[in-house]
Amino acid sequence: MVNIEGVITVSKEQRVRGAPTNIDPAALKNFKAEMRGSVLAPDETGYDEARKAWNTTYDQHPALVALVAGAPDVIAAVNFAREQNLRVAVQSTGHGIAYPCDGGLLINTSRMTDIQIDPQSQTARVEPGVLWGDVVNQVQAFGLAALSGFAPNVGVIGYTLGGGFGWLVRKYGLAADSVRSVDLVTADGQQAHVSDMSNSDLFWGLRGGGGNFGIVTSIEFALYPVVEVFGGRVFYPVEMAKEVLSRYSQWVETIPYELTSTIAIMHLPSIADLPEPLRGKAMVIVGACYAGSAEDGAALLRPIREFGSPVVDTFAPMRYADTGTINSDPVEPQGPYGHTELIRELSSDAIDKLVEVAGACSKSPLTMVEIRHLGGAVAQVDRDANAISHRDAPFVLHTTALGASPEDVARLKQFTAFVAEAMRPFKTGGALLNFLGDGDVGEGRVRAVYSPEHYRRLVELKDKYDPENFFRLNHNIPPSSASR
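Quick note: the sequence shown uses our numbering, first residue 693, plus one each step.
Bear in mind the hints are in silico, worked out from the structure with no lab data behind them. One or more of the hints may lead you astray.
[Unchecked claim] Pair by pair, the computed Cβ-Cβ distance ranges are:
| hint | residue 1 | residue 2 | range |
| --- | --- | --- | --- |
| 1 | D1041 | K1105 | 19 to 27 Å |
| 2 | A1077 | G738 | 26 to 34 Å |
| 3 | A718 | D893 | 49 to 57 Å |
| 4 | K1055 | D880 | 33 to 41 Å |
| 5 | A986 | N722 | 29 to 37 Å |
| 6 | S1039 | E726 | 56 to 64 Å |
[Unchecked claim] Calculated lysine-lysine pairs in the DSS-like style (CA-CA distance at most 30 Å, straight line):
| hint | residue 1 | residue 2 |
| --- | --- | --- |
| 7 | K1045 | K1055 |
| 8 | K1156 | K1055 |
| 9 | K1105 | K1119 |
| 10 | K1105 | K1156 |
| 11 | K1156 | K1045 |
| 12 | K1055 | K1105 |
Think of the CB as a built atom: it goes at the ideal place given N, C-alpha and C, for glycine as much as any other residue.
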């Protein structure tokens, strides 16, 4: 709330969470005057909406929310937070939130939505409030595609800085591999242009290092000549788990780079949006996208689609811009709890363990274990091209469970722990930054994302560009001073 002297005060609950008890009113007045956007305190209209994350697990209560309208606003927000000794977090959609911004300054970039497309150079430049759904629809008009994620309502920036894994990953690599330049505000409130030709050390670390080095105000990335694809999902009863997994493990050894696929064991919700045969049922689901003709795609998918008795088959030719519908990821805010591992094989022993997991899924509503196939172009990029590590891992395994009550959370943690233990003999020890969730916080999990050499280089960059760890409400790479 704001008291009669204009000093920002916070609730008892926020003080317990480590919130500051006051902010200098003169500094706040000057900050507001600088802003083209708006600054919201807890008792002001719009604050509750601006602080919300898409991930409803996080009920954060910042001391202030800065709804920034451009790079000058971001600079003003960084300077104000540093001068007032406020913790800072950055949020567009709140999908990839790592830690709540209780008592700090939440910089909300959702109003920064400019998109510039250059069809001649086949590049796009976007601001940090842009969602992938907006990008893919606009570039499609030029016969081009972006390396977007599986869900169209995910923000471009966080996804890309964390690696970026979508339906074209085996053909064109990770989204981070296609970044051409970045504009960002550093911890000292300076604007920096970063590319292979300018601040090249920071350019290396941004691509895979997440939000550790600054607040991105725009990012430029390559586009690719993809218009039509063949994609969809095929659903089999969970009782066929071993047969489908065995078929899939053999099939992925034969497919070209143009084909990206997933296999999931999922206990589907009982909702009207699903076809009646799927509602409330546990299923084994193979999803795929082929960047080529429908005829070739259908031939490549035949071994997966035409055995046993599939319950539902959604495969069809589609525009690339419509691939966000393949996985039918939820649009409305959710409370996911997750854990991720890179795994080295889908051997018969690994499949046996996954069959055990399938049995657990059939008993536990709203749970999913998904395996995404890597390799292809991901493994062809030089291992030191950027901060992305573990390029030789063939699969990523991600466990997700949904719930709301404390009882649900306890059940979800038990389920993800069960999956992690079951698959422990097959994990590489690595992880992907994009997939780190509630079950993947802490320095140990962040270290698992990187090779020792890459982690060392990232710490050196942190020492150079953010030695005080100003940007720390993220999957954090602490500067070396933090260990002394």
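Structure-based check of all given hints:
Between D1041 and K1105 the CB atoms are about 26 Å apart, so this pair conforms to the stated range of 19 to 27 Å. At about 42 Å, the beta-carbon gap between A1077 and G738 misses the expected band of 26 to 34 Å. A beta carbon spacing of about 38 Å between A718 and D893 contradicts the range 49 to 57 Å that was offered as a hint. The hinted window of 33 to 41 Å between K1055 and D880 is violated, with their beta carbons roughly 53 Å apart.
Range check, A986 to N722: Cβ separation about 60 Å, and the 29 to 37 Å hint is violated. Taken as a hint, the range 56 to 64 Å holds for the pair S1039 and E726, whose Cβ atoms sit roughly 59 Å apart. Between K1045 and K1055 the CA atoms are separated by roughly 16 Å; this keeps the pair inside 30 Å, and the hint holds. This hinted pair does not check out: K1156 and K1055 have alpha carbons roughly 50 Å apart, beyond 30 Å.
Among the hinted pairs, K1105 with K1119 is consistent with the structure: their alpha-carbon atoms are about 19 Å apart, no more than 30 Å. Distance restraint check for K1105 and K1156: the Cα-Cα separation of roughly 38 Å exceeds the 30 Å cut-off, and the hinted pair is therefore not satisfied. Restraint check for K1156 and K1045: not satisfied, since their Cα atoms lie roughly 45 Å apart, outside the 30 Å limit. Between K1055 and K1105 the CA atoms are separated by roughly 15 Å; this keeps the pair inside 30 Å, and the hint holds.
Violated hints, listed in ascending order, are 2, 3, 4, 5, 8, 10, 11; each of the other numbered hints is respected by the structure.
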